[in-house]
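> Below are the chains, spelled out letter by letter.
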Amino acid sequence: MDMLIGYSLYAISLLTVGGIYAILALGLNIQWGYAGLFNVGIAGFAAIGAYTFALMTTAPSSYHFGGLDLPLPLAIFCAMILSGLVAFFIGLICIRLRSDYLAISTIGIAEIIKLFLKNETELTNGPRGINKIPRVWEHLTEERFYTKSPMSWFNDAQGWEQFFDSLPIWWWQPFFCATILLIVYVIYKLLETAQRSPWGRMMTAIRENENAAHAAGKDVTRRRIEAFVIGAMVMGLAGAVLSQHLRLIDPTNTFDPSKMTFLVWVMLIAGGSGNNRGAIFGAFLVWTIWSASEIFINSGLHIFGEMISSMDISLLKTRAGYLRMVVIGLLLQYILQKYPDGIMPESRPVPSGIKL
Amino acid sequence: MWETFGFEFVNFYLIPGLVLGCIYALGAIGITLTFSILRFANFAHGEVMMIGGYFTWTAMVLSNDLFGIPLHPIIAAIPAVMLAIALFILVDRYFYKPFRSAPAIRVVMASFGMMLVIRSFVQAVWGPNQLTFVPGIAKPNELVKNLTASVDMMILVPNKHFWIIAGTIVIMLALSWLLTKTKIGKGMRAVSDSPELAKVSGIDVEVIVKATWCVGGFCAVAAGVFLAMDLQMLETTMGFRMLLPMFAAAILGGIGRPFGAVVGGLVIGLAEELSVYPWLGDGSLISPGYKTGVAFTIMVIMLVVRPSGLFKGRLF
Amino acid sequence: MSKLTALEITNLHAGYGETEILKGINISVEPSQTVAIIGPNGAGKSTVIKSVLGLLNVISGSISMNGVDIVGIAPDKAVRQGISYVPQTHNVFPNLSVTENLEMGAWTRKYGIAERIDEMFDLFPDLKTKRNKIAGSLSGGQRQMVAMAKALMVEAKIMLLDEPTAGLSPKFQAQIFKTVKKINENGIPILLVEQNAKQALEIADKGYVLVDGANKVEGTGQDLINDRNVARMFLGSKD
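Residue numbers (my numbering), protein chains in the order written: chain F, 192 to 547; chain S, 1088 to 1403; chain Y, 1246 to 1484.
Since the hints were derived computationally from the structure, they do not count as laboratory data. Quantities reported herein were computed from a predicted structural model and do not represent experimental measurements. Where hints are given, some of them may not hold.
[Claimed, not checked] With the C-beta cut set under 10 angstroms, the calculated list includes, among others, these residues of chain F facing chain S:
no., residue
1, LEU288
2, SER290
3, GLY299
4, ILE519
[Unchecked claim] Distance condition first, Cα-Cα at most 35 angstroms in a straight line; then the derived DSBU-like pairs of lysine-lysine:
no., chain 1, residue 1, chain 2, residue 2
5, S, LYS1247, S, LYS1399
6, Y, LYS1443, Y, LYS1423
7, S, LYS1297, Y, LYS1375
8, S, LYS1297, Y, LYS1322
9, S, LYS1399, Y, LYS1416
10, Y, LYS1378, Y, LYS1426
11, F, LYS309, S, LYS1226
12, Y, LYS1373, Y, LYS1423
13, S, LYS1247, Y, LYS1416
14, S, LYS1184, S, LYS1270
15, Y, LYS1416, S, LYS1286
16, S, LYS1268, S, LYS1247
17, Y, LYS1443, S, LYS1268
All C-beta atoms, glycine included, are put in the ideal place defined by N, C-alpha and C.
Please construct the entire structure, taking both the sequences and the accompanying hints into account.
Below is the structure:
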């Protein structure tokens, strides 16, 4: 029984993090799949969302600005808005230039965001990061939530304490996971609708033949900025959810610009850019491979370490982690070359002679 | 005047700025050449710079341990240059070349992937921690110190800075000779001007591409080794940290303008160091933590005001 | 040897990707001839030249140069084979000096480059004083001369010119046609695509009128000038 719970919880955590990456991949799909915009600053937009959420929802703290102790949905909304605003600013500058410049600028903005988070210690507690970020569902067990309305309407503090004590310690995990999956589903539905709307068809037209779309009187730059901003808002949302999952965020490790950005790209490309279902599938697939390979390598190293007792496994473990990165990187190269359209290619028929 | 203003300004801001500028300049040369000749922003460039530093370190350690001969970093950089060029050419052959006729963004993506592959590889092989490149404290050159002190303008320059500045000047001259006097160099400029015309003029573009990787690899390793000499240590993230300033320098100078990239590199290096000089009152102009943001700011301003760069480079 | 046709295009179908632009073209250039291709916009005139160079997809048909099949040849190989090509636009390296442009034209040439450059300056005396100027700083007509000189740096077996006078002033147009004639008199067969139909036909030994990717009329230059249909279609409406 315990083992079953253990496995289920592992599966739930896979789905949870996979779901968060799926949100990121969907956001990227709006930018890349719909509009052909190359964003390598995903971690930066996620960080904006995460920090906005964290600062707005944590309990007041002497280490950083706030926390403002505001309702969670409001914080998520603000996270999206702020992320979108930053994207709008970058979009205004770079979208009319070729994709390379946008790539350079987005990687730059991710760096600037990191610098800001690191240096504005008054606001963000600098490199030490923000702790005790409320996690949806689990946050109900915190005193500051159950003593306040609306929870206080139903039960008093003691009653709530007893109630939560009666639940297994992991009770919130399935709920948290389900919430994330619900968010993924809602975004997916919205994006599917958008893609089939005149707006979505225009995006496709622009991506496939910019000049023709331009000649047809479409405001190409404006549409692209729209896609860029909407994608960044979704990434901001993902950041907000990620900060809940982690509960502790810091500028350098959590939002390692290259690792997070890179994983999301692998997910979207592997799943099939332009296809929302592909993006979601790619996210879960790659996250499972990524996470399972860690367990696999570590247990392998353990067996290895037991055979050779003098071996320092911890050193090998970090090294093996980097090798894993090398392998994933080469996997991306392989997919890029052999399956440029991913596992689930965009379903819409593409006229021949046009390469995307 | 010198004591109150000049001494500090020159020794602690201007000279370090120049040194940093030289390093950026060398890196930016490779970026601007690949951008204009192969038509894409190579995100893996900083990592080749970094791995060049690690190769050099390894050559120094091997020579010392096996033969008891301590090598100067510049000597040890010779095999490192060859390895880095080989790496560039291999990466090009297997990861970039398949995308030659595909939309440029595919190869940018591939280079973004290679950036991580190379860095992770270095972290797996050499470990993620800092390595000491040259031990000890760099003392200022005595001769220069005494000479300048005798005219009441004491300048403190460690030898490593002389190496870096002199090395950059030599490489610059060699590059200028290559690009204006040799067939392959002129061919590189031709392909940079127009790859299509180059092809129908009978120029073997793939040969030019290889030459570009050679020049880019050489300059990248030089930049990496100079950076390691300056910092006296190696870090796996140093290539990535250089990437943004190098892109900024290349854009500032104008894509496809190697000497523009040099000017751009010097401007960015100086701007970064001088931005923390206390221009107004006591505190530094901007918080030192934001120093690396200077390059980005300059780049963004450039992209808004004049995306083709100071020297009217190509705009894609 | 000289019996072989310099360039023989038979039943050529070609286009971009799968879009067929040329639908069965026949053109032949005899040694020492100047052949002009004229026709309305979109008739596929430039496409013919690009097919010869291997710049686009040949679907079927044959192209041979001096009896050797060259279908699908890579552009740089085509130049090595002695095809001298002047594109319509972007035909010089703007940031290279005039001399450097000529040197780039001689990329495949092993020896005699300096002599050939001198010959080119004799052929295009205007360029001589500009030899160290950056090509991008020259006037349109001068750039066209650089482009032609650059293309002639190879040991040319045939020269392909894609609208060499487009966008030039009448003075330069006349000069370019005169030079084309001179090049031809030096023994290089020329295939010329032109909008300025009348002037092109005047110097051409033979002319082809292409319409909608197919041969419409052919004949000697003078015949075509005198042809009423051709005259109505192209020569009268010329600006």
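> A separate judgement is required for each hint: does it hold in the structure or not?
Tested hints:
{"no.": "1", "hint": "LEU288", "in the structure": "holds, 6 angstroms"}
{"no.": "2", "hint": "SER290", "in the structure": "holds, 5 angstroms"}
{"no.": "3", "hint": "GLY299", "in the structure": "holds, 4 angstroms"}
{"no.": "4", "hint": "ILE519", "in the structure": "holds, 8 angstroms"}
{"no.": "5", "hint": "S:LYS1247 to S:LYS1399", "in the structure": "holds, 34 angstroms"}
{"no.": "6", "hint": "Y:LYS1443 to Y:LYS1423", "in the structure": "holds, 14 angstroms"}
{"no.": "7", "hint": "S:LYS1297 to Y:LYS1375", "in the structure": "holds, 32 angstroms"}
{"no.": "8", "hint": "S:LYS1297 to Y:LYS1322", "in the structure": "holds, 19 angstroms"}
{"no.": "9", "hint": "S:LYS1399 to Y:LYS1416", "in the structure": "holds, 32 angstroms"}
{"no.": "10", "hint": "Y:LYS1378 to Y:LYS1426", "in the structure": "holds, 27 angstroms"}
{"no.": "11", "hint": "F:LYS309 to S:LYS1226", "in the structure": "holds, 32 angstroms"}
{"no.": "12", "hint": "Y:LYS1373 to Y:LYS1423", "in the structure": "holds, 18 angstroms"}
{"no.": "13", "hint": "S:LYS1247 to Y:LYS1416", "in the structure": "violated, 62 angstroms"}
{"no.": "14", "hint": "S:LYS1184 to S:LYS1270", "in the structure": "holds, 23 angstroms"}
{"no.": "15", "hint": "Y:LYS1416 to S:LYS1286", "in the structure": "holds, 31 angstroms"}
{"no.": "16", "hint": "S:LYS1268 to S:LYS1247", "in the structure": "holds, 31 angstroms"}
{"no.": "17", "hint": "Y:LYS1443 to S:LYS1268", "in the structure": "violated, 44 angstroms"}
In the structure shown, a violation is registered for the earlier hints numbered 13 and 17, in ascending order.
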